[in-house]
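Q: What follows is each chain in one-letter form.
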Amino acid sequence: MIINHPILGPRDAAEFTYLGDVSLLNRPDWQAIDAAEQFYEYQYLRENPAGEHRELWYHEQGDRSWLVVTRNTLTHAISKVEMASDAARARGNGK
Amino acid sequence: MTQINRLTGGLIDHSKPLNFSFDGKSYQGYAGDTLASALLANGVRLMGRSFKYHRPRGPLTAGSEEPNAIVELRTGARQEPNTRATTAELFDELIATSQNRWPSLQFDAMAINDRFSNFLTAGFYYKTFMWPAAFWEKVYEPIIRKAAGLGSLSMQDDPDAYDKGFLHCDLLIIGAGPAGLASALTAGRAGANVILADEDYACGGRLNAETFTLDDTDASVWIAATLAELASLPNVRVMTRTTVIGAFDHGIYGAVERVSDHLAIPAPDKPRQILWRIYTKRTVLCAGAIERPIAFENNDRPGIMLASAIRSYANRWAATPAREVAIFTNNDDGHRTAADLTAKGVAISAIIDTRANAPGSTQVEVLAGAQVVNSLGRLGVKQLTVQLADGSMRHVHCEALGVSGGWNPNVHISSHQRGRPEWNTKIAAFIPGKNGPDGLSAAGAAMGVFSTAGALESGMNSTISALQDIGISTKPIKLPKAEDVPVNLQPFWHVKAGKGRAWLDQQNDVTVKDVKLAHRENFRAVEHLKRYTTLGMATDQGKTSNMGGLAIMAELAGKSIPEVGTTIFRPPYTPVAMGALGGRAVGKNFHPTRKTPSHKWAEEQGAVFVEVGNWLRAQWFPKAGETHWRQSVDREVIATRKSVGICDVTTLGKIDVQGADAATYLNRIYCNGFAKLAVGKTRYGLMLREDGIVMDDGTAARLAEGHFVVTTTTANAVSVYRHMEFCRQCLWPDLDVQLISTTESWAQYAVAGPNARKLLQKIVDPEFDISNEAFPFMGCGAITICGGLRARLFRISFSGELAFEIAVPTRYGDALMRRMMDAGKEFDVVPYGTEALGVMRIEKGHATGNELNGTATALNLGMGRMVSKAKDSIGSTLSERTGLNEPDALMQVGLKPVDPSEPVVAGSHLMNKTGDVNAKTDQGYITSAAYSPTLGSSIGLGFLKDGGNRKGEIIRAVNPLKNQEVLLEVVSMHFFDPEGERLRA
Amino acid sequence: MHNLKAITALGGHEAQVDTVHGLTITECPDWAIASVAARMGQEKQLGAAMKKALGITMPKPSKSAGKGGITVFWTGPNQYFVEAPIADNETLANTLADALKRTASVTEQTDGWVRFDVQGAGCSDVFERLCILDTRAMIKGTVSRTSLEHSGCFVMCRTHAYFSVYGPRSTAASIHHGLVTAAKSALG
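Chains as they are written, first to last, in numbering that gives the first Met the number 0: chain A, 0 to 94; chain B, 0 to 984; chain C, 0 to 187.
Since the hints were derived computationally from the structure, they do not count as laboratory data. All values reported here derive from a predicted model rather than from experimental measurement. Backbone N, C-alpha and C define an ideal beta-carbon position, used for all residues, glycine too. Take these hints with a grain of salt, some might be off.
[Unchecked claim] Using 20 angstroms as the maximum straight-line C-alpha spacing, the simulated EDC-like pairs for lysine to aspartate or glutamate come out as follows: (1) Lys183/C <-> Asp159/B; (2) Lys599/B <-> Glu13/C; (3) Lys870/B <-> Glu36/A.
[Said to hold, decoys possible] Example chain B residues on the side facing chain A (calculated, C-beta under 8 angstroms, incomplete): (4) Asp248; (5) His249; (6) Phe725; (7) Leu730; (8) Leu877.
Next up, chain A with everything else stripped away, as it sits in the complex (with noise of 0.2 angstroms):
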């Protein structure tokens, strides 16, 4: 596969390590109440869907950028990809 880096352009998919769905980025809080609970859907449950998902994939042979790469999980079209620290803030990830 071609993954079209942001920053880069496109590039082998074999230059990347893929983590998982992009759900990753929303780590708990810890002192919530239910913490134990989020952390163990955050850790173990997904939706995998046959169609669009988005992913983490992290540019290890190049940049060593993490990406978030929306794929089509049957046909393996790739209709967008970002920067993940982009993502992460946009979802309110900070400090």
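Since the structure of chain A is provided, determine the placement of chains B and C on it from the hints.
A: Frame of chain A; chains B and C shown alone:
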């Protein structure tokens, strides 16, 4: 050695004879021959025995779609089974042997199978070999194992090398026939970056096999001119002997270039083959079409071939399978074979044409509305039984029969990625569908456009379209005048008359009867039909047989062919050698080798090395006279604990962590506290996975307020760094922290033992005080050594001795090792390797990867209290789950044999002293074990249920695989110097 | 002045040079490298400080910039490598850290890397056997990091007949073997 069936002309070089042998018999051919064409020219039609029934077989085709003429090429280490004789280029002294027969091709004892064909029908193995059950292992399986398989291996290492490569282009053109050549000219002249690939050694495709003219001249003239122009264009790369094997995602194609297959031996330093990854923006598939046969009883005899193949052999290779040939056809193309053979002086006994309105001929007898219902001639066809239009029977003599059932566009590559071809009624064949790989279009015969004029034009037009898509403006080119005759096909798939077997898939021996059986047994879906009968599952992937099977299933099911559909097409298009897939990553080069800074020095000492991931580490340093590794390892341990030893620990991951928020960041990465670590101090750090399982351990040294050096285990250096970047970029993107790996940048040595300080004081520059008061246990700092070389010193200890780790820029690592060994002479310094390192850390109860095994928590390691509940860190929340904190949870313990002469064996399971031994009574397992020269017995570490409360208990270590049982005492894992006095000296 | 002798990544006291079918592959040990990573929110300030210290404008992604024998190339978002002749710059990391102060984190990387210079008309014929980069289309001054014979390497295009490969130092022998083998295979 006369070539009795050699003709004149062709594209072979009659002035360059080549010698070769087949099944021990010598023959001659010419440069440009394939093995098959040369054998046919020598009158050899019998080239193999079929897979299941061992029926005598000859070539069906003249190309890579060949099912029958599969031979073993070469001898010795280069011996290669399952090679298609129809594509093997002849070279001088080539040696070939037939396969799948014993004792010989002419007399094959295994042909007895053919007599039991009623019992060996499709799926027979699902219904037989079941009873009696005991017979399976002792009787059936060994027999099947011996009889099964195709070809044999040399059992020697492949002496050749295979490259991998990466190519980039705007347009990839698959196939260099008329469509592909027109495409290449169009794109090349437009300035696009073009790759033109063809599996053949000569470009031209079908033009090489026909007697067509282009612009009223021999086609070879236009081909040569075109190739010359393409060679002159720097933006065009023509790759012959290159099969595009698959269409992968996003415009990535795989291709195998057979650089040296046509040579006896590759030129020095050159590869045998290259596996290319091609990254292209657009692709035009000009892969042509493959002729299909018509099934009839005994249609598989040597000499019965596709009509176009006979034509190819005659026109391109100047060879004929026989001097008297018949034709069986449902279209006009079959007649062309008769005309071309007649022109070359070969007699045509008859043209049997299924069409009632078949065209007549002044030269040859045409039997219109007739069918071939049977053939005779076990080792080669001799005679046909023909049913005429009026129903009467007639015998026709021939020693070869050209069968033409029409043409199937070669849709294979367009149907990778689950694309489905679509049915075209006009040509009664499938053409590429609309949901093929992105950016791929087809042209010429591959698109169902069968005439030469049509192929040229569609090649050009597809290219203009494809390039316009990517913003390259392209002009039409002037195409040569070419034939444009229609095919006039009337679909006719199989002869219904005849009780015997009619062959569909000749390689897997699948017949029309098998398809009928599958239908009767309800395996009617096309994918079930394929797997139940194995139709299309051989190395030729059913290229000449799938269609026939679909047509018959359609008939039986009362459906149209498109309603039955096709099975899924998958790469590779033709078989790929495992060597090509391996490339250069073979043997020692299987992965890159990482060498430590002291590697050269260690080699000089005669060290024995061990692979640790990609690293080579010294495992022990044998001294003269030592014959067993235990002597060396025991000595290294004793000497280090007695005085001083040095070990290269460069391989452990080192990560430089800087920034205003470095401490905050590390405090979240480690489960224990780091926010308040003082500058100049090092601390042991435990890293959990988010699920609470331990990921890795190491140390973090605070060199300055915002500057830490984190260490990891050797094995986890890469994954820990990846995890740390994930946390930094994705979880806390606004923390001011920067990371970079420094594993490679610094050579690092452990200097351990009671005299470690004294040794180091001889090399550390005098302005740096490394006394116990000035540089206590767990201290760290930047220093200089040997008159000003920058270095870092860490007072940490894995061995449990008074120890330091000293780091210098890697280029000085070799010199530093030599200097320290010299400085240490007065202390009897020893180098120690990973084995001694392992013994000493076990003696101290320190965990390594054996204990950090992906299932152990901090609690299991006896470090439960290290997981801070006062802060958020990766894994802390889920580490509190009840399941991970059961009262009888596994706990790390030390283990000592009751009888000191007995071994402690890692991997053994722990059981109570008495009672049953099974999974239910399992108490844990041993993770690490070694002989301890310090304690005089084997010792081990392990996980034991409720181990914290069982000190002093006697338990059993069991290894049922080897019937071992050893009594062990549960002890503290800190076997040696439990108070840590030596550490703090 | 300290008295420890350095060895090269390939383990010799002299740099290794190989010529294969007109292509030279030269080991280049005489370069100091430091990594410079902008601190949070300090990208502009880092640019100014670098301009002041070295007279070099920070390069854009995949690019390099140089002055007076010193080269800066982009390695990742807000991350760069600075390369200088080792003779006068052995403590490059310290010098840069002093000059850049709180605008960046500076780390010594000199001996993390082995540099091989590959020169000759056949450069791209060789690189197409080793890595994914379209070296024929690479613009001068571009630096890309990729996998080269299974090692993560930077490949810098100086001209179409002059490339530099920076790979992990410990893997020098494997990378060198890959370069020489590919040259023998692809050329001549």
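Q: Under the criterion of a CB-CB separation shorter than 8 angstroms, is Phe725/B in contact with chain A as hinted?
A: Because about 6 angstroms separates Phe725/B from the closest Cβ in chain A, which is inside the 8 angstroms limit, the hint holds.
Q: Identify whether the interface hint at Leu730/B stands, where standing means a beta carbon of chain A within less than 8 angstroms of its own.
A: holds (5 angstroms)
Q: Given the proposed pairing of Lys599/B with Glu13/C, does the C-alpha separation stay at or below 20 angstroms?
A: holds (15 angstroms)
Q: Would the stated hint for Leu877/B survive a check requiring a Cβ distance to chain A of less than 8 angstroms?
A: holds (5 angstroms)
Q: At a threshold of 8 angstroms, is the proposed contact between His249/B and chain A supported by beta-carbon distances?
A: holds (4 angstroms)
Q: Check the hint pairing Lys870/B with Glu36/A against an upper bound of 20 angstroms on the C-alpha distance.
A: holds (18 angstroms)
Q: Next pair to validate is Lys183/C with Asp159/B; report whether the Cα-Cα distance is within 20 angstroms.
A: holds (14 angstroms)
Q: Please check whether Asp248/B passes as an interface residue: C-beta within 8 angstroms of a C-beta belonging to chain A.
A: holds (4 angstroms)
The structure meets every hint from the earlier list without exception.
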